[in-house]
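Undergrad: One-letter residues, chain by chain:
2 protein chains.
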Amino acid sequence: MAGTVDRPAVRRPGGRTARVRAQILAATAELVARDGIAGFRYEEVAKLAGVHKTSVYRNWPEREELVVEALLRYADDLGSVGDTGELRRDLVDFLMVIAESLGRPTARALALATQAAHESPAVHRVATRILEERTAGTRRRVEMAIDRGELPPVDCSLLGEMIAGPVHLIVNRGIRAFTRADAERIVDVVLTGIRATAPHT
Amino acid sequence: MAGTVDRPAVRRPGGRTARVRAQILAATAELVARDGIAGFRYEEVAKLAGVHKTSVYRNWPEREELVVEALLRYADDLGSVGDTGELRRDLVDFLMVIAESLGRPTARALALATQAAHESPAVHRVATRILEERTAGTRRRVEMAIDRGELPPVDCSLLGEMIAGPVHLIVNRGIRAFTRADAERIVDVVLTGIRATAPHT
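Going line by line, the protein sequences match chains A and B.
With UniProt numbering, letter number 125 in the first sequence gets 125, and the count goes up by one each step, no holes.
With UniProt numbering, letter number 201 in the second sequence gets 201, and the count goes up by one each step, no holes.
FYI, nobody ran anything at the bench for these hints, they're computed from the structure.
All figures in this text were calculated on a predicted structure; none of them were measured in a lab.
A portion of the hints provided could be inaccurate.
What the hints assert, rightly or not - Pair ranges (Cβ atoms, derived):
{"#": "1", "chain 1": "B", "residue 1": "Arg34", "chain 2": "A", "residue 2": "Glu132", "range": "21 to 31 Å"}
{"#": "2", "chain 1": "B", "residue 1": "Pro199", "chain 2": "A", "residue 2": "Glu43", "range": "54 to 64 Å"}
{"#": "3", "chain 1": "A", "residue 1": "Thr84", "chain 2": "B", "residue 2": "Ala181", "range": "52 to 62 Å"}
{"#": "4", "chain 1": "A", "residue 1": "Glu64", "chain 2": "B", "residue 2": "Thr54", "range": "35 to 45 Å"}
{"#": "5", "chain 1": "A", "residue 1": "Ile146", "chain 2": "B", "residue 2": "Asp147", "range": "36 to 46 Å"}
{"#": "6", "chain 1": "A", "residue 1": "Lys47", "chain 2": "B", "residue 2": "Glu44", "range": "52 to 62 Å"}
{"#": "7", "chain 1": "B", "residue 1": "Arg34", "chain 2": "A", "residue 2": "Arg125", "range": "19 to 29 Å"}
Claimed, not checked - Derived list of chain A stretches under chain B, where covered just means 3 residues or more per stretch with a C-beta under 8 Å from a C-beta of chain B:
{"#": "8", "segment": "82-91"}
{"#": "9", "segment": "143-151"}
Ideal Cβ positions, reconstructed from N, Cα and C, are used throughout, including at glycine.
Work the whole structure out from these sequences, hints included.
TA: In structure tokens:
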């Protein structure tokens, strides 16, 4: 899913090194979520990851690179929209994945990054690409449904925004839990509304 | 609209004092948006507002009170949902008001405040109430439409989230502009979908 996102030129070794890297990136996401892109500190990343500070500095001398990699790892975790052949079920499952992922600190780091256009252009660029990739995943799945005649031709981006927007709003507000019943209702209303308002051909 | 939100016990005098207070609160919102609830500085608020630092300290010795008032003023600016008798038009107008308000720094301050449950419980409480008030505005308008037979009985909160969620997502991502055509399409799809999926009685 994140295959077309530019990556910094780093090796992805396995074993202990890979675990240490994963711990550092998870800690980075958590601290960016708490303190902001400009505010988080390498020392605290090292402490939270349980490694020596030099491990962080050696691998990521530039803080922007560290933030970018932490965000990209989050993008990897987000599965693309599945294809069971049943559009409704695939979209409901996708909304549940979004809801779960929004509860993680990396989601907040990503939200901060999308607003960091002036503060940190490189980080902002990557955040925007991650969001575009995710949008593209929904779009591809909806286009398949149109090809198969399950849906009339629609603006796939707006459809994606119409089903994902309410999930973001409900989870970010945190006033109530987001349930599978919510996901089903949202997908049903939007798909039914789109079919009913499509121009007859 | 914010009439039922608890307010700190302060006078709201007119004239020059009122202007100074408004400038301080606007500056606070802008700096909270930039530096966070715990990060913004009184000195910078005073500088941005063009007043002496003691004017800020004297009126708001507690920083939480200052943030709370800045947020409440934002809530006052947000008009409630109008009632022209035509539900579709009123909801489209409401989405345009939301889109415009989300572009202001105070919206970002409010978003930060809703996530500050641990950092600052008092601020978080007020942010949550402001959001609830706004939701209540939509709910009242939708309930009127149900009473008049324009809509079948529906979950008014979810309807509000379904129309407002996409606006938040599109504006916050900042990848494209939110247009009146978007607002119309969203309201049409949701209202049509809700009518078509209502149980027949």
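Undergrad: Each of the hints needs a verdict: does it hold here or not?
TA: Consistency of the hints with the structure:
| no. | hint | in the structure |
| --- | --- | --- |
| 1 | B:Arg34 to A:Glu132: 21 to 31 Å | holds, 26 Å |
| 2 | B:Pro199 to A:Glu43: 54 to 64 Å | holds, 59 Å |
| 3 | A:Thr84 to B:Ala181: 52 to 62 Å | violated, 33 Å |
| 4 | A:Glu64 to B:Thr54: 35 to 45 Å | holds, 39 Å |
| 5 | A:Ile146 to B:Asp147: 36 to 46 Å | holds, 38 Å |
| 6 | A:Lys47 to B:Glu44: 52 to 62 Å | violated, 30 Å |
| 7 | B:Arg34 to A:Arg125: 19 to 29 Å | holds, 20 Å |
| 8 | 82-91 | violated (count 0) |
| 9 | 143-151 | violated (count 0) |
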